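*Asks:* Going line by line, the protein sequences match chains A and B. Counting in our numbering, the first sequence tops out at residue 201, every number present. Counting in our numbering, the second sequence tops out at residue 273, every number present.
Treat the hints with caution; some may be incorrect.
Stated by the list, open to error - The following label-pair restraints were derived from C-beta to C-beta distances:
#1 B:Asp223 / A:Ser107: 18 to 26 Å
#2 A:Gly128 / B:Arg267: 54 to 62 Å
#3 B:Glu233 / A:Ala86: 38 to 46 Å
#4 B:Gln226 / A:Ser148: 35 to 43 Å
Said to hold, decoys possible - Residues from chain A shown here face chain B by an in silico Cβ test under 7 Å; the list is partial:
#5 Ala186
#6 Ser187
#7 Leu193
Said to hold, decoys possible - Derived contacts from chain B toward chain A, CB cut-off under 7 Å, selection only:
#8 Glu216
#9 Phe217
#10 Phe220
#11 Asp223
#12 Ile224
#13 Gln226
#14 Ile228
#15 Arg231
#16 Val232
#17 Asp236
Worth flagging that the hints you see were computed from the coordinates, not collected in a lab. Fair warning: this is a prediction, and the values are worked out from it, not measured in the lab. Where a beta carbon is used, it is the ideal one built from N, C-alpha and C, also for glycine.
Each chain is listed here by its residues.
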Amino acid sequence: MSVVNYGTREITCKIVYYGPGRSGKTTNLQHIYSQLPEERKGKMVSLATETDRTLFFDFLPLDLGTISGFATRFQLYTVPGQVYYAATRKLVLQGVDGVVFVADSQSRQLAENIESLQDLHANLADEGFDPRTIPLAMQYNKRDLPASEISPIDELDETLNFRGVPYFAANAINGGGVFETLRSIASMVLSRLSAPAAKES
Amino acid sequence: MAANSKKSEEEDSGEFADFMADISQEIAQRVESLDAATKAPPEPKKATPLPRDAGLILEWENLPDRMIEEMR
Chain A
1 MSVVNYGTRE ITCKIVYYGP GRSGKTTNLQ HIYSQLPEER KGKMVSLATE TDRTLFFDFL
61 PLDLGTISGF ATRFQLYTVP GQVYYAATRK LVLQGVDGVV FVADSQSRQL AENIESLQDL
121 HANLADEGFD PRTIPLAMQY NKRDLPASEI SPIDELDETL NFRGVPYFAA NAINGGGVFE
181 TLRSIASMVL SRLSAPAAKE S
Chain B
202 MAANSKKSEE EDSGEFADFM ADISQEIAQR VESLDAATKA PPEPKKATPL PRDAGLILEW
262 ENLPDRMIEE MR
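Build out the structure end to end from the sequences listed, making use of the hints.
*Replies:* Shown next, in the form of structure tokens:
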């Protein structure tokens, strides 16, 4: 996917929120959407089942307007976390510029976090991306739950963040850490604009 | 309660404004560096230095014989 198009003066970045089922990926997008000023609110597409689970994916176009002469758009996606939607996750990852891995901080969800992270790496590799270099931010969500139910941040980070990428504690349901995470991944993606390979559309 | 709620909304809308400010700055820097890279004049091509006697025939001895030999 082209990140910057000099011809049309457009910058488009695709960011995918990845993670196990019920970790809070959709909640992240919902919070971002709720904070958008009316004039910038596009349409958030969310395909959910009757039980309110993401069936296919969520899509939130963020039109940031013209910045430094470039029409700038961020496209935020989530993947369905459930194991059986593997094909959809792969599809959503096509052309991705950056990934936010939303981990569930609950101690009993650790295995699901690890499985989802392995799934992310496998799917990135299948789509031709290098899982070791693609912009990635880790978000440890649900920090608002009782301490007895969640793993300490250090423990989660040691287990999941082997690349040592930026990580954020979050309670997305109240908006905590959501924009910090988005700012971090956006910055990482934008920093690659100066890379020679990213100049061409 | 209503006042708190309103204040919360104002703070929340500030989240996006802060985000926009940071991102705008980031993009401005990137665009500047890209522009600079695009406008930078190409480096002049350096000519490969040739030896001073390049192209000169220095060995005249038996030259006609060698030419005849090559023409055969």
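*Asks:* Hints first: check each against the structure and report whether it holds.
*Replies:* Hint-by-hint comparison with the structure:
1. Taking the beta carbon of each, aspartate 223 (chain B) and serine 107 (chain A) are about 34 Å apart, not inside 18 to 26 Å as hinted.
2. Roughly 58 Å separates the CB atoms of glycine 128 (chain A) and arginine 267 (chain B), a value that falls within the hinted 54 to 62 Å.
3. In this structure, glutamate 233 (chain B) and alanine 86 (chain A) meet the distance hint of 38 to 46 Å, their C-beta atoms being roughly 42 Å apart.
4. Look at glutamine 226 (chain B) against serine 148 (chain A): about 42 Å separates their beta carbons, and that is inside 35 to 43 Å.
5. The criterion of a C-beta within 7 Å of any C-beta in chain B is met by alanine 186 (chain A), whose closest approach is roughly 6 Å, and the hint holds.
6. Satisfaction of the interface hint for serine 187 (chain A) is found here, the shortest Cβ-Cβ separation to chain B being roughly 6 Å, below the 7 Å cut-off.
7. Interface hint status for leucine 193 (chain A): upheld, as the beta-carbon distance to the closest one in chain B is roughly 4 Å, under 7 Å.
8. The restraint placing glutamate 216 (chain B) at the interface with chain A holds, with a minimum CB-CB distance near 5 Å, inside the 7 Å limit.
9. Interface hint status for phenylalanine 217 (chain B): upheld, as the beta-carbon distance to the closest one in chain A is roughly 5 Å, under 7 Å.
10. Of the supplied interface hints, the one on phenylalanine 220 (chain B) holds, with its beta-carbon coming within about 5 Å of a beta-carbon of chain A, less than 7 Å.
11. At its closest, the beta carbon of aspartate 223 (chain B) sits 6 Å from a beta carbon of chain A; the interface hint therefore holds under the 7 Å criterion.
12. With a cut of 7 Å, the hint placing isoleucine 224 (chain B) at the interface with chain A holds, because the nearest CB-to-CB distance is about 6 Å.
13. With a least beta-carbon distance of about 9 Å to chain A, the hint placing glutamine 226 (chain B) at the interface is violated under the 7 Å criterion.
14. The criterion of a C-beta within 7 Å of any C-beta in chain A is met by isoleucine 228 (chain B), whose closest approach is roughly 5 Å, and the hint holds.
15. About 4 Å separates the beta-carbon of arginine 231 (chain B) from the nearest beta-carbon of chain A, less than 7 Å, and the hint is met.
16. Of the supplied interface hints, the one on valine 232 (chain B) holds, with its beta-carbon coming within about 4 Å of a beta-carbon of chain A, less than 7 Å.
17. Violation of the interface hint for aspartate 236 (chain B) is found here, the shortest Cβ-Cβ separation to chain A being roughly 9 Å, above the 7 Å cut-off.
Checked against the numbered hints listed earlier, the structure breaks hints 1, 13, 17; every other hint is satisfied.
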